[in-house]
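Using the sequences and the hints, build the whole thing.
Protein chains in written order, with our numbering: chain A, 7 to 334; chain B, 883 to 1166; chain C, 8 to 632.
Simulated from the structure, these hints should not be mistaken for lab results. Among these hints, one or two may not hold up.
[Unchecked claim] Result set (SDA-like, lysine to any residue): computed pairs, CA atoms no more than 20 Å apart in a straight line:
1. B/Lys892 to A/Arg135
2. C/Lys149 to A/Arg240
3. A/Lys221 to C/Glu86
4. A/Lys317 to C/Tyr171
5. A/Lys221 to C/Met8
6. B/Lys899 to A/Leu138
7. C/Lys94 to C/Met8
8. A/Lys219 to C/Pro129
[What the hints assert, rightly or not] Which stretches of chain B does chain A cover? Using the computed rule of at least three CB atoms under 8 Å from a CB of chain A, they are:
9. 978-989
10. 993-1004
11. 1067-1081
12. 1095-1106
[What the hints assert, rightly or not] Here are a few chain A residues that sit away from chain B, every Cβ distance over 12 Å (derived from the structure):
13. Lys64
14. Leu72
15. Ile74
16. Gln79
17. Leu116
Ideal Cβ positions, reconstructed from N, Cα and C, are used throughout, including at glycine.
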Amino acid sequence: MRKRLGDYILAFLIIIMLNFFLPRLMPGDAISALYGDALMEMSPQTEAYLLERYGLDKPLGEQFGLYISNLAQGDLGYSYYFRAPVGQVLVGALPWTLSLIAISLLISALAGIIWGVEAAWRRGRKFDRASLVTIMLLNGVPGFVLGILLLLIFGFYMPWFPISGGASPYMDYSGWEQLWDYLQHLFLPALTLTLVQLPRNFMLMRSSLLAVKEKPYIYTARNKGLRDRMVRYRHAARSALAPVITRLGMSIGLLFTSVLFVEIIFAYPGLGNLFYLALQHHDYPTIHGCLLLITVCVLLFNLLADLLNQKIDPRLRELDARQLLERA
Amino acid sequence: MHVNYWNELKKDKFGRKGLYMVAALGIAAVGAGWLAPHDPFAYVAPPLSAPSLTHPLGTNEVGQDICSELLYGARTTLLIGTVAALFSTLFSLLIGLTAGIFRGWVERLLLRLVDVLLVIPVFLLALLVAAYVQPGRLTLIVLFTVLLWPPGSRIIWSQVISLRNQGHVAAARHFGAGTGYLAFRHLVPELYPLLVVNFIQVVRRAVFMEAGMAFIGVFDPAQKSWGIMLHYARDFMFTDAWMWWLLPPALAISFTIIAFALIGYALETALDPRLRRQSYAGNK
Amino acid sequence: MLEINNLTVSFPVSHNHERAYQHPDQAPQNVQPEASASQLTVLNKVNLSVQTGEIWGIVGESGSGKSTLALTLMGMVGEALQQGSIKFKGQELLENSPRCWEKLRGSAISMVMQQSGEMLTPTLPLIDQIMEPYLKLYPRQKETAQRLGSQLLRRVGLDESYFYRYPHTLSGGEVQRALIAMALITDPELLILDEPVSSLDVRTKSDILNLLTEITAGRTVLVISHDLHTVKRLAHRTAVLYCGAILETGPAADCLQEPAHPYTRALVRAYPTLEGARELQGIRGEFPPLNQRPEGCPFHTRCTQSLDICSWQRPEPVEVGRTSLEHTSPIGNGRRQIACHRAGVLELLRCENVVQRYKLDKKQANSEPGNNYLEAVSGVSLTLREGEVYALVGESGSGKSTLGRILAGVDRPYRGEVFFQQQPLHKMFGAAKKEQSRNLQMLFQNSGEALSHRLNVHELVSEPLQIQKIGDPKSRQKAVRKALEWVNLPVTGHFLHEYPHHLSGGELQRVALARALVLEPKVLIADEPSASLDASVQAKIIKLLLHLQNERGFALILITHELALAAKAGDKVGVMYQGKIVEEGPPAKVLRYPQHWYTKTLTDTDTDRDLLIGDKTIPHPKSAG
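Structure, rendered in structure tokens:
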């Protein structure tokens, strides 16, 4: 566990370094690499202030020190596109993204696990083959394509759901109405994300269960005369879950990629959309901030998966989940 | 038991379909010059024309033939996908092999590095880099190679570890075989199937990433690719044009990803002895 | 309680064993009545009847179908085709629906499965898994389950500290204890133990065996094992399974000590025992793979006494009356059945009350008045069975060589009779006599004397053929070459024309052996075959002799003065002293628990004794710690 924690801290440091060095290693001076288009409309005073504030004319080592100390104080720079401190911009976007992720992750994990268990249990038979084909096809559709199709079908041709945004603008809803409005806006993006993640979860659970299914303890359980459902879930699925959760944790990075697309397509006001806008307008401080925040999220989710695993699988209290994966 | 992966692939229902699909893609990419009705860069008709006999899929907002764009797009996709996958797989092999052969601190260092890289959101990083560098074909290939090697190297490493303990490798080592001999004579051949699977998976990811980046707007306008087509088509998605402009490249991307996924799945099944169907007759 | 009738289980070819019990629920229950060609028959017309309170041991090698039998009884053979009937308390099990099986498993019939890796679910604490079968029966009685579970765990030797541990922290022995507790929690009417100790190390094994002895008392149990010791230890009655067929049934102690069926005998002989001093002998030939099961009697391809009929007709089980041992089993009627066309291991040679005496010359007779005769052999009875090695030990002058000559039909006894294949040996004439002398060969003590120095090797070895008028010169030459090859001698023209005085002692002995074997006898009596040789050559000759015995399948009477050799070579050892057999039995018994004072002096003086039987008892791990 301590080793894993070390990994996370190391990963975090690498991202910080990348964030710091990448713009500074680009051709041209640091300030134009960092502030891009915004520089043109900046007054010389602001420019001088920025140079001074972030030590952009100082040697790299000193700059890095300043960068770290600013970071420690929560100062991620100033976004000229949003006209607000980056930290503030990020905090505004985070809840939208988190709710999107939480809901889709939960549903897709549950559905993927149950579906995967049922398919693996009937390995090679009709249900399994049909599931596999469905999953393969679904897996082939990239998130951005799926999003657009859902948007067209359920937002445009059958206008059941709003096609953009996280909430209806200029409406003075209260209480339940407000929640209902949120949920309506959430539905299509969350559905897209769920469908994007489902194949992966299904395949993970299916192959993990296939490995477990042949284990002697499954025969022991069946030998005891337990109901098939009991064997399948209490004994097999539970034991097969740990590698799935680890991989799920590891795939959070991929999930953020999907979030990016989904938020762009549905103009959902989360981190992904923010990243997109910043990218389009070369608002580098915001881009860096986004990346940093997302990395932290990814690391936290990994950590969460590890902790969850230890709850579920007692073997992992001594063993690394990845060792289990490699053994399986 | 030695397994002929090519035969396994051809025998498997999924694998065979995947092979046909990839073959079709290959033909489209190589033969784009002859198959395409028009030059994809030429302005051949009024913008946004509906499909007709001369323009089976109509034209885009500047009057280029969409069908020709689609065919030429296969080139970009396959080129970037396969080349990046090739280099990235080689890189995975290099790192995995090095870590597996030289135990001790080299192994610890490399594994730690891989573990760290695995948590970094690769796609977003690629976007960040592409924001600074002009994302031409070469850049994308280099970028994908650099970003997509870590998962494969970990799998290869663990396979090398288990191979090292097997009889023939231990025996060769016992006879005094050098590291290079050991690696290329005994380890690498055993890794081929794994490398192929890894290659297939990286192709899939690279295709997806290329399309995704183009869709977001990070691309080199001097090229044709399905992602770029999607990017432009998206602006006209609420018109009827989505049917012949948005849908075809989207389907093409899905087609490619599914094709490689099918092959990958078939190969993995063939590779995994646990899942391999055994019969008494075959158990000689 | 359990009646198995004509049970035949076969698996579809495309699936292997493991996969076969993956989907028990979707098993075809009402199957077609005949097995098609694409079926592999694992169990073939098995009959077994288990009474309440009996402990049965099912013995068999891997591949014999013993695990399949257990799994069939548990309804876990899924896709397999099952014919015949299994009646459990009058209820036909093969007609059970999957639901019925689920109800039965773990409640009325419990099984402790063969250990192979992770036997317990890694994600649940131990006691939860122990309680499950009980909770399945009585879902609401969690407290009772908990109480019963802890009681049982304690009973099998796992205290409170184990209750909430996870399986990966348990040792193999502890897991086995837990599995036993799990099988017992519902107080099943039938308990099946599949290889209960085979994967454990020696010490744990003996602990678990003790535990099982205690726990199985009063229960109806099927113990399935390839380990004869386990079965002997636990079971009252035993059934020997080979290639899916039961070849022998009977009281466990009898069957495994005095096997009646050739296969059982071979199995017992192949089985290493700690107390056994005897050299191991494999069973000749190979265990037939599933898809090449022989027709007729499954063992006939490897049997040394098979007839024509064995290869095409399956023998029906018949009662045999060999109940020479006292019955240790409290239950069961001591009935023994074997399925063999030859009614089990044949009796080849038997002598009854043989007496041989020589007239003493005057001088000697005078020293002991009233006794004009020396009784070299005074009232010896022994029997020799097909393929058996009988080692006759005694000091010089004990009469063992004299007895050997009588048994071989060379000398006539003063009194008593020798029977060869139930015919009185010394009353045979003409063709019968000839036939007898062909089947009964003797290897004399001093080969130098027994081989005429006027004849060369070829003439020596072919002499018996000539005397018996078998074959023409050409076929004789072939037979000679074959015999020489058996004894590892060269068959070059040069060697064939050598004369005895050119040969070494070892070579001479081999030539003599080849001569004795050229007629392919049923019985070979070897009188001190190695005594006149150097130690290194001695060992070779004895090894060769035993190897040939195993491969050719003849019965052997080995006469020797060395107890160590007798114990290593013999299935049975007879100790001869002053013309009498004073002690007889399996070598381990004779060595370890000698009854007669003479044997005791032999075992004491024998310097090899400590090497043969390590008498130091291993401290019991529990009592030591």
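Results of checking the hints against the structure:
The hinted pair formed by lysine 892 of chain B and arginine 135 of chain A meets the criterion: a straight-line CA distance of about 18 Å does not exceed 20 Å. A threshold of 20 Å between alpha carbons decides the hint, and for lysine 149 of chain C with arginine 240 of chain A the separation of about 17 Å falls inside it, so the pair holds. About 19 Å separates the Cα atoms of lysine 221 of chain A and glutamate 86 of chain C, which keeps this hinted pair within 20 Å; it holds. For a cut-off of 20 Å, the pair hint linking lysine 317 of chain A to tyrosine 171 of chain C stands: about 15 Å separates their Cα positions.
For the suggested pair lysine 221 of chain A and methionine 8 of chain C, the alpha carbons sit about 32 Å apart, so the restraint of at most 20 Å is broken. Our distance criterion of 20 Å between C-alpha atoms is met by lysine 899 of chain B and leucine 138 of chain A, whose separation comes to about 14 Å. Taking the CA atoms of lysine 94 of chain C and methionine 8 of chain C, the gap is about 8 Å. The hint holds against a cut of 20 Å. A C-alpha spacing of about 13 Å is found between lysine 219 of chain A and proline 129 of chain C, which places the hinted pair at or below 20 Å, so the restraint holds.
For the region 978-989 of chain B, the stated coverage by chain A is violated: 0 residues have a C-beta nearer than 8 Å to a C-beta of that chain, whereas at least 3 were required. Chain A is given as covering the region 993-1004 of chain B, and this holds because 9 residues of the stretch bring a CB closer than 8 Å to a CB of that chain, at least three being needed. Counting residues of the region 1067-1081 of chain B whose beta carbon lies closer than 8 Å to any beta carbon of chain A gives 0, which falls below the threshold of three, so the coverage claim is violated. Restraint check on the region 1095-1106 of chain B versus chain A: 4 residues with Cβ-Cβ distances below 8 Å, three needed, restraint holds.
Listed as a non-interface residue, lysine 64 of chain A keeps its Cβ farther than 12 Å from every Cβ of chain B; the least gap is roughly 21 Å. With 12 Å as the threshold on Cβ separation, the claim that leucine 72 of chain A sits away from chain B holds: the shortest Cβ distance comes to roughly 21 Å. The beta carbon of isoleucine 74 of chain A sits about 19 Å from the closest Cβ of chain B, which is more than 12 Å, so the claim that it is off the interface holds. Every CB of chain B lies more than 12 Å from the CB of glutamine 79 of chain A, the least distance being 23 Å, so the non-interface label holds.
Annotated as non-interface, leucine 116 of chain A keeps its C-beta farther than 12 Å from every C-beta of chain B; the closest such distance is 23 Å.
Violated hints, in rising order: 5, 9 and 11; the structure is consistent with all others.
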